[in-house]
Structure formats: structure tokens, C-alpha cells
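Novice: Given next are the chains, with one letter for each unit.
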Amino acid sequence: MAYSNKVIDHYENPRNVGAFAKDDPTVATGMVGAPACGDVMKLQIKVNEQGIIEDAKFKTYGCGSAIASSSLVTEWVKGKSLDEAAQIKNTDIAQELALPPVKIHCSILAEDAIKAAIADYKQRHGS
Amino acid sequence: MKLPIYLDYAATTPVDPRVAEKMMQYLTMDGDFGNPASRSHRFGWQAEEAIEVARSQIADLINADPREIVFTSGATESNNLAIKGAAQFYHKKGKHLITLRTEHKAVLDTMRALEREGFEVTYLDVEANGLLDLEKFKAALRPDTTVVSVMMVNNEIGVVQDVAAIGELCRANGTIFHVDSAQAAGKVDIDLQALKIDLMSFSAHKIYGPKGIGALYVRRKPRIRLEAQTHGGGHERGMRSGTLPTHQIVAMGEAFRIAKLEMAEENQRFATLRQRLWDGIKDIEQVFLNGDATHRVAGITNISFNYVEGESLIMALKDIAVSSGSACTSASLEPSYVLRALGLSDELAHSSIRFSIGRFTTEEQIDHTIKIVHEAIAKLREMSPLWDMYKDGIDLNTVAWVAH
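Sequences listed follow chains A and B, in order.
One point on numbering: in numbering that gives the first Met the number 0, the residue at position 70 of the first sequence is 69, and numbering is uninterrupted.
One point on numbering: in numbering that gives the first Met the number 0, the residue at position 206 of the second sequence is 205, and numbering is uninterrupted.
Hints should not be assumed to be uniformly reliable.
[To be verified] With a cut-off of at most 20 Å between alpha-carbon atoms, the simulated DMTMM-like pairs for lysine to aspartate or glutamate come out as follows:
id : chain 1 : residue 1 : chain 2 : residue 2
1  : B       : Lys370    : A       : Glu11
2  : A       : Lys114    : A       : Glu74
3  : B       : Lys317    : A       : Asp8
[To be verified] Pair by pair, the computed Cβ-Cβ distance ranges are:
id : chain 1 : residue 1 : chain 2 : residue 2 : range
4  : A       : Glu53     : B       : Thr397    : 25 to 35 Å
5  : B       : Asp318    : A       : Lys5      : 14 to 24 Å
6  : B       : Ile393    : A       : Asp8      : 28 to 38 Å
7  : A       : Asp8      : B       : Ala138    : 47 to 57 Å
The set of hints was computed from the structure by calculation and includes no laboratory data.
Every residue, glycine too, gets a C-beta built ideally from N, C-alpha and C.
Using the sequences and the hints given, assemble the complete structure.
Specialist: So, in C-alpha cells, the structure goes:
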């Protein structure tokens with residue numbers, strides 16, 4: 000299967016790979032997917048007092064498109080408020096990376112990861 | 000070193016230059032281009048003669064009679080002709096067929112087609128090492144079992160089934176035994192005088208011949224009869240009509256001739272290379288060799304790399320041409336059904352790579368492959384949340400995953 004140049008770029012030079020300290024109260028984590036399905040994404044966001052995502056990191060088990068999708072969203076969520084980040088749609092991700100139809104689920108998973116991280120933050124901060 | 004390195008010989012092989020040279024002599028006006036079925040002139044006679052030489056070369060490798068060789072377009076067609084042809088011809092004797100879950104799609108899908116015609120098919124499981132348990136096979140044989148199909152060498156994991164023992168059981172039961180030998184010819188000894196095998200499929204492009212040509216061995220004593228699947232001019236004793244492609248057949252003959260000459264030495268070389276590859280990889284944490292460690296061909300090594308995903312691994316190994324399982328199914332996102340049949344979890348099956356070495360593989364290529372694999376696994380595990388969890392001692396089976 001031929002990948003787009005953007006997928007290859009994100010795959011070969013993934014942005015923001017890593018993890019934040021688990022006990023940091025400003026950090027929230029979203030983990031979506033399942034090993035049996037071939038992809039698991041863990042997205043972590045670091046949110047400041049103004050409710051802005053200051054930093055993001057990811058780890059992904061999955062195909063090149065899954066890795067590229069998660070790498071891309073770490074770039075996109077940075078500097079956004081939680082509400083703005085929640086507006087990121089899988090179609091935007093798929094379009095940006097020129098994902099083929101069989102890889103659309105990777106972009107859906109990335110959107111789910113953002114939502115899961117935001118939900119985790121809100122739950123921890125009782126809002 | 001030229002990149003990428005080709006390590007996908009089980010998918011297809013390059014044509015051996017000696018074979019290509021031979022093949023080119025049967026195409027143009029200067030060559031023997033005639034229709035081998037033309038009886039009225041030299042062009043036809045010469046083409047026919049070349050085909051009979053090739054037929055003998057193929058029969059020689061497997062210790063068969065040249066009259067037992069029927070040319071087809073490849074192993075897929077041979078499998079179709081053998082299984083459908085025998086099942087349909089002998090349908091009055093019974094309508095029960097047996098095969099394995101780990102067979103090639105060309106066998107499994109043929110069986111599915113026969114089920115739609117009213118045949119009953121038993122798909123036997125294999126053991127965790129990929130081999131068939133003969134006791135389970137014996138228990139599955141019935142008086143109305145007319146055809147059994149078991150591959151000699153598995154295309155994904157390279158294990159060699161005990162076709163000698165299976166053949167004895169089939170013969171004793173009056174059952175026709177078909178063996179798919181696409182991956183076996185030229186890699187393991189095949190003696191059809193000794194083996195109780197009735198039908199055997201071959202492909203040229205797996206043993207340095209061209210694509211688009213194959214053969215079916217059809218036993219004469221005792222005589223096996225088949226319902227033709229391709230009707231027409233009655234070529235190949237009515238079993239497979241269609242003008243014989245002289246250049247492809249001559250090339251297949253040459254490929255089989257070379258295989259007979261060089262097989263023993265080649266297998267030793269492959270075994271050394273395979274060991275070198277495995278020795279270079281086995282010390283990585285959480286890697287597993289799939290399939291039986293001894294009953295296997297030297298050319299195919301299937302390895303699972305836990306906590307990395309197969310497709311991203313193939314991307315990371317972009318300088319090495321390998322596959323995650325069979326090329327015929329690599330377009331789908333499903334994990335390999337062969338590895339699943341061995342009892343591997345979906346995720347391990349997703350994380351598996353088939354390295355297949357062949358005639359033009361060098362030590363230098365293997366060493367470079369080992370280096371790239373180490374780098375790729377390190378990079379992907381660094382990125383893998385599953386690897387972190389494993390390192391933290393979390394049992395992934397206890398995590399409530401959300402399937403999607």
C-alpha cells in the first residue's frame with residue numbers, strides 16, 4: 000500500500016513521542032483502541048490554569064497511518080482550549096494525511112483519543 | 000549493497016537468468032515459437048518436442064512419469080483442477096472432503112465453492128507448531144471421504160507436513176490425496192514413487208521460473224480421473240484444454256532441472272543463512288519463532304515481535320522486502336488466519352513477519368537485515384504504549400480494551 004508523503008513524514012519523524020509523569024495533576028490521558036484490532040493510541044495532554052493545552056505527547060501501537068494520525072493530533076491540540084480541541088474531526092485528520100479509505104479508522108481513533116483525554120481531564124477536575 | 004533487500008522469496012522468486020535465457024529461445028520468428036498442437040509442420044513438432052523435454056525435467060525432480068504431468072497456469076489452477084476435478088468425478092462414492100485450516104486460499108476457497116455444490120468439508124485444526132495431528136486426521140476420515148488436501152510446505156510459516164503418513168492413511172481408506180507443493184518443489188525431496196500421493200500441485204514462479212505456469216501431477220497407477228474444469232481442444236489428455244505456452248513450459252522445465260541439480264547444496268546454504276538471521280534476532284526481548292522448529296524448510300522464517308504492529312514494522316523495514324504473512328492476503332487488515340490457527344493472539348499475529356530467503360540471498364544482506372530489525376523494533380517499542388505496559392508488569396489481557 001502506498002502511503003502519502005505526509006504519513007511517511009510523521010511516521011519517520013513522529014512529533015511528541017513520549018509520556019508525561021502520571022502523577023502530574025495537569026496531565027490527562029486518553030487511551031483508545033485494542034491490541035486485537037491492531038491499534039492502540041495513548042494521547043496525553045498537559046493543560047494549564049487557563050484551560051489551554053500547553054503540551055501533548057503520544058504513544059501508539061499501530062500501522063503507519065495510526066502513528067501519523069496520533070503524531071498529527073499532538074501538534075494540532077497544542078495551544079487549543081479543551082473545547083477547541085474537542086472540535087477536531089477525524090475527517091480533518093484524514094484529509095490532512097490523505098488517508099486511503101481502509102485507513103479512515105486511524106483518524107477516527109485519533110479523534111477518539113482527543114475526546115478520551117479531554118474526558119479524563121474533566122473527570123479529574125470535576126467539571 | 001543494493002537496497003531494498005529482497006527477502007520475500009516465498010511470495011515469488013526472480014527468474015533465474017539461465018531460465019530466462021532458455022525461455023527467450025521460444026518466442027520470436029528465430030526461435031521455436033510454433034503451436035505445439037500443430038501436427039502438420041516442423042514449427043509445431045519442435046515446440047512439442049521442447050514441451051516433452053520440459054515435462055520430463057519436471058517429472059524428474061519428483062520421481063514421476065512425464066505422462067503424469069498436466070500443465071496449468073499455476074498452483075491456484077492446479078489446486079482447483081485437482082480438488083474440484085476429483086471431488087466431482089468421484090461424487091457418487093461420497094461427498095466428504097478434508098483439508099486444514101492453514102491451507103492456502105486457493106485450496107480453502109475451492110473447498111468453499113464445493114460446499115456450495117453440496118459437498119461437506121472438514122477443516123482440521125493444526126497443533127500449535129503448525130503440524131497436523133495424525134490421530135485427529137484418522138478420526139476425521141470417513142467411508143465417504145473422497146478427497147483430502149494437505150499442503151506439503153506451509154507458505155507462511157514453512158512447516159512441512161508428514162504427507163507420507165497422511166498418504167498411507169488416505170490410501171488405506173480409498174481416499175484421493177491431493178498435496179499443494181507450490182512451496183515444496185525444489186526445497187524438499189519429493190519421491191512420488193514412494194509417496195502415496197495422487198495429485199500434486201506445482202508452480203514455476205516459486206522456484207525461479209516465470210509466473211503464469213504450473214503443473215498438476217495426476218497419478219497413473221492407480222489411475223486418478225478428474226472432471227475437466229477448462230473445456231476446449233482436449234489438450235493435456237482432456238484434463239486441461241488450452242494452447243500450451245511453450246516458452247513458459249520450457250522455462251519451468253529448466254527451473255525444475257536446475258532445482259534438482261542444486262537443491263541439496265542450496266538447502267545447506269539456506270539453513271546457514273536462516274540460522275544466522277535467527278541468531279541475530281532471537282535475543283531481542285519478546286520475539287517468537289512461529290511453526291515447528293525442526294519440521295520446516297530452510298527458506299521460510301516467520302517471527303512474531305510482541306508489542307509492535309506488523310504493518311508499521313514493515314514500514315520501518317522499508318529497505319527489506321518482507322511480508323506479514325501471505326501476499327495474497329496482505330491487502331486485508333485481518334491478522335493472518337494461519338497464525339491464528341496456531342493459537343496466536345490477534346496482536347501477536349498482527350506483529351509477525353515472514354522472512355523468506357532464496358537463491359540470491361547473501362550473508363551481507365542477512366547481516367544488514369538483522370541491523371535494521373533491531374533498529375526498527377527499538378524505535379517502534381519506544382513508541383508503543385503496549386510495550387510500556389508490559390514493562391510496567393501489566394497483563395494486557397486484564398485491560399478492558401474498547402474494540403473498534
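Novice: Kindly indicate which numbered hints from before are broken by the structure, ordering the numbers from low to high.
Specialist: The structure breaks none of the hints.
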